[in-house]
Amino acid sequence: MVSQLVFCLKILYICSDFSQNNKCLNMNLLVCVSKTPETTAKISFNDNDTAFNSDGVQYIMNPYDEWYALVRAVELKEKLGAGKVTIINVGPAANDTVIRKGLAIGADEAVRINMDPISALNTGFQIAEYAKANNFDVIFTGKETIDYNGAEVGAMIAEFMDLPYISFGTKLELNGNTATISRDIEGGEEVLDIATPFVVSAAKGMAEQRIPNMRGIMMAKRKPLNVVEPAAFTDNVKVVNYTLPAAKSSVKLVDPENMDELVRLLHEEAKII
Amino acid sequence: MSVLVFAESPGGKIKKAVLETVTYAAKTAAALGTDCIALTIGNTTDAGQLGKYGASKVYNVAGVSHFDSQMFTSIIAEAVQKTGADVVILTHSSSGKSLTGRLAARLNAGCVSGVNSLPDVSGGFKVKKNVFSGKAIAQYEINSPVKVLSVMGNSIPPEESGAAVEVEAMDTAIPASSITVKEVKTVDGVVPLPEAELVVSAGRGMKGPENWGIIEELANVLGATTASSRPVADMGWRPHHEHVGQTGVAIRPNLYIAIGISGAIQHLAGVNSSKVIVVINKDPEAPFFKAADYGVQGDLFDVVPRLIESFKKYKAANN
Ligand SMILES: Cc1cc2nc3c(=O)[nH]c(=O)nc-3n(C[C@H](O)[C@H](O)[C@H](O)COP(=O)(O)OP(=O)(O)OC[C@H]3O[C@@H](n4cnc5c(N)ncnc54)[C@H](O)[C@@H]3O)c2cc1C
Ligand SMILES: Nc1ncnc2c1ncn2[C@@H]1O[C@H](COP(=O)(O)O)[C@@H](O)[C@H]1O
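Going down the list, the sequences are from chains Z and R.
At position 181 of the first sequence the residue is numbered 181 (the working numbering), and the sequence of numbers has no breaks.
Count along the second sequence starting at 1, add 1000, and that's the number in the working numbering.
So that you can see chain R by itself, here it is in the shape it has in the complex (with noise of 0.2 Å):
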């Protein structure tokens, strides 16, 4: 019996999602009266670290240098023979989910993806995540030897508890990869949606993408992710990718601040997990000062720029 945890390194780096995943697995492994151990695939910087989060071993499996969910589910599923886990914990990030359904196939496990809570392992193994996009919570009883579980950022904070270990080696067959990758092209500096803890994010309200500088100034002294409503995106006013909401993103930051958008149902759904939501809007019928803890009414146009100023002020203050 232990649990598992594949902690992702893409480009080497272990980031900030994955020691909340650890974190998350160390305390169900101390739950359940057992181990947490971590795997990291390919070349991973300070991979060691793990162990303060609370992880009491780390595997490095060396010698791949690309991801391919068919690769590492071998990899993965070889580790989880030789380290006898009987629970398996991933983080719910783009490589995370294409490895959680694999896994679980592989391993013929019952497996529950984006879980936003710690497992209740009172009788039974019960675990929760959202559904409806955040219009409701469900309960999942997982029956099976094995369990598979992927972690929804932002749901537990990563919490030091041990020290740094020593990675050992660990020796398993690595298949021939099936994919040729030929271009990976990554904005450097910014946080990626899923991951940000402050996000503002701005509608059709902006009248056209020429007005964008108000709010990439917002996010730059807030040190914010931009965000954008849907029909935003279509109109190619802003890269498809800022799109949140039910088809496009979903995320949990700590602050959301929606600018010039009426919080649509479709809208809402994408990001009424966030801890705080600012809106400020024009129109005081706008549904989305519903969902709100602070409201401004107002014209955008005004109000953006005085809040930067604000900002500034502060920053200056607590800096």
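Here chain Z stands alone, though its shape is the one from the complex (with noise of 0.2 Å):
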């Protein structure tokens, strides 16, 4: 009886001390992860030029998101040794297959919001409607996605929760209730203080990629991905065309010996320099 109530207290001191250093047993962390055609993917268009054309698009998990991002939580997870990791997505059922990799990787849940993302802001609205209620301590986005190369959903998220932003964080530490994150700036780097709760956007050098194992594939199937319909949400910006860009004329060829040929070139003909 009494050393388990010796324990018991023990426990509580532990705790009540790790609240203030680390949070005991409680970080919750949000990673929302988008869907992008893989890097090498031909990109065509269809409907008069006004849709893309998915037809024989392999999709991945865009890399920020995957790579930095999601490993980055998981990280932080496993050092505090509790907490709790979600990846979030809006995004249609056939994401379900990009959903489950985040899952592998070792997010423990999944949500995702059904429907097609139409604009950035409507995705980061639906995002922070489901933050709100749900109490989490950081949220992370890519830097951006390698499709529409956005940078914005992250912004966006923070200010419809009035939460602070940063963006392109480079390293990103937790000591208790406070975050020390570098972020790259123009040409140099910054180094910064944050208390939670936050929103922040992951850079290269935040974690190294990770590969699912078997055992993160077969766990994965298990874990909850849990299906949310979107709040109501007025789109204000649409894709109306797209083109390709113009061909490059085939390229000249300068005799290796003679380079002062291709400075002339820049020179008279390219008028670079």
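Hints were generated in silico from the structure; no laboratory data involved.
All values reported here derive from a predicted model rather than from experimental measurement.
It cannot be assumed that every hint is accurate.
[Said to hold, decoys possible] Where chain R lies over chain Z, by a calculated footprint (3+ residues, C-beta under 8 Å):
# : segment
1 : 40-52
2 : 141-149
[Unchecked claim] When the alpha-carbon atoms are kept at most 35 Å apart in a straight line, the in silico DSBU-like pairs for lysine-lysine are as follows:
#  : chain 1 : residue 1 : chain 2 : residue 2
3  : Z       : K42       : Z       : K271
4  : R       : K1282     : Z       : K248
5  : Z       : K238      : R       : K1126
6  : R       : K1185     : Z       : K84
7  : Z       : K171      : R       : K1016
8  : Z       : K271      : R       : K1135
9  : R       : K1126     : R       : K1013
10 : R       : K1126     : Z       : K271
11 : R       : K1013     : Z       : K171
12 : R       : K1290     : Z       : K252
13 : R       : K1275     : Z       : K171
14 : R       : K1182     : R       : K1013
15 : R       : K1275     : R       : K1052
Glycine is no exception: its CB is placed at the ideal position from the N, C-alpha and C atoms.
Using the hints, put the two standalone chains together into the complex.
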């Protein structure tokens, strides 16, 4: 009895101590993951060049989301020995394969907001609506998606939730309720402290890519993937058409022995020096 | 109605990319038949010069010492209200990228980030940007009363169209910042990659980091910024902020010289918007030649030193 009581008190003590330092067992992390065409995919359009042609296109998880944001969240959880990593995607049921990969890498559960993402603002709004109701300490996004290259959604989530937003984090350490983050700025790096909760976008450097192992893949099948219907939102931006860039005229070869000629061409023909 | 341009000034300085943005804003305002108003935040040297690039008024909000997207969004949103702006324009820089989306959410505005040409206002409001890492161009239509854009660097040259103006103080509420900046490390003297007009880049063909002397010398002679392919950064031969491509920095300089880089599709995705591409590679089958304007088939260890000498000769003759 007495020893049990002492044990309990000890746990309580450790926890209260922890809660100042490491939020005992409670870091609740959300990672936003998007889907993009595989990097070598051939890009073409249909419906009179108004829609992306997805015929035969393989999809992957956006590399920034997978390699950096998700892996760092999983690492933080592993380091704390506690907490939960949830991944969220705004997309149709076809995205479930990409989401399962996130679970195989180490997320505990997944949420899919069931709609075709139309505008970044809509996506940011939907994620913020979900996150508001679920008390996350840190919300991660990737630096940008490699298809539409917006770098917008993270900032939008932060604004809809009235939270701080740190873009392009290259390092993130948690110390209790405070994070120390390094971020890329033009021509350099900034190091800052910020208290949770906040939104951060992950850039190269924040973590190392992880390849899911067999056990992860098996476990992913049993992890929850909750489908949530979207909240009402009116879009105010849409793509009206796509064009392909003008084809390059063929390369002009210059004799490797005659670099004066290359310099002359750059000066007189290309007029860039 | 007016066009408000946020002229960022990290470290108090207004860079060329921001002059491009102000030029873009002034031309947009002219197309809409309205005024272009510039806003600077924090201590800014020579903000009045923005008048030359087409701003009819320049406001400054003083008393801000560091960047915080939450704080800046509040200030800009208040300036939007005070100036009655319906188009808000930013630079697609690292701070611009953390403001564009925030501001759009705050103002319930349609936004397009990284636009690369002037809007088409001949019926609605349409803008274009590169998508799929430069493999296509998308035209967007924005339908909201307030619109937010960020302008991609090197999309439009800065153009002087007016005269410097007096900077006026704007009185706005400055919310407390939740960020404590502990350290800012910047490399002085080199133009950061996203702004660089001339870029010398090298890949795995260099064999090892010890051989980068010729790349640095070439960059020096040209006044260019250095870049690399991704494997080179992954192997730690070069710092990771130099890595260009689909998963690195996307650039659009006037001149991109690619040395010992094969030209994989993911690499091309980050550089194919460069105006002129020069490829130096010993393999005539290297895919990069297909994307190049000028090609040199040869051993980089012979070619690059010769190119350095030719540039030096050119410099000497043209100075
Ligand atoms: C999801 C994903 C994302 C990626 N993102 C990027 C990215 O953002 N950026 C990027 O760069 N890569 C990226 N990659 C990697 C990309 O696919 C290529 O592997 C990479 O670009 C190759 O780098 P490289 O050209 O330096 O090396 P290699 O492909 O090994 O090419 C070296 C070249 O040097 C030439 N060479 C060798 N010796 C000499 C010599 N003495 N003189 C002249 N030429 C010589 C060779 O002929 C060869 O063409 C990505 C890959 C994936 C799967
Ligand atoms: N449909 C989506 N579902 C979930 N997260 C998304 C979605 N689209 C974008 N994101 C997140 O927002 C980041 C920036 O996206 P973007 O603003 O589109 O460049 C991505 O790296 C993702 O982390």
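Verification of the hints:
no.	hint	in the structure
1	40-52	holds (count 3)
2	141-149	holds (count 5)
3	Z:K42 to Z:K271	holds (33 Å)
4	R:K1282 to Z:K248	holds (21 Å)
5	Z:K238 to R:K1126	holds (10 Å)
6	R:K1185 to Z:K84	holds (34 Å)
7	Z:K171 to R:K1016	holds (29 Å)
8	Z:K271 to R:K1135	holds (25 Å)
9	R:K1126 to R:K1013	holds (31 Å)
10	R:K1126 to Z:K271	holds (31 Å)
11	R:K1013 to Z:K171	holds (27 Å)
12	R:K1290 to Z:K252	holds (10 Å)
13	R:K1275 to Z:K171	holds (34 Å)
14	R:K1182 to R:K1013	holds (20 Å)
15	R:K1275 to R:K1052	holds (27 Å)
When the structure is compared with the earlier hints, no violation turns up for any of them.
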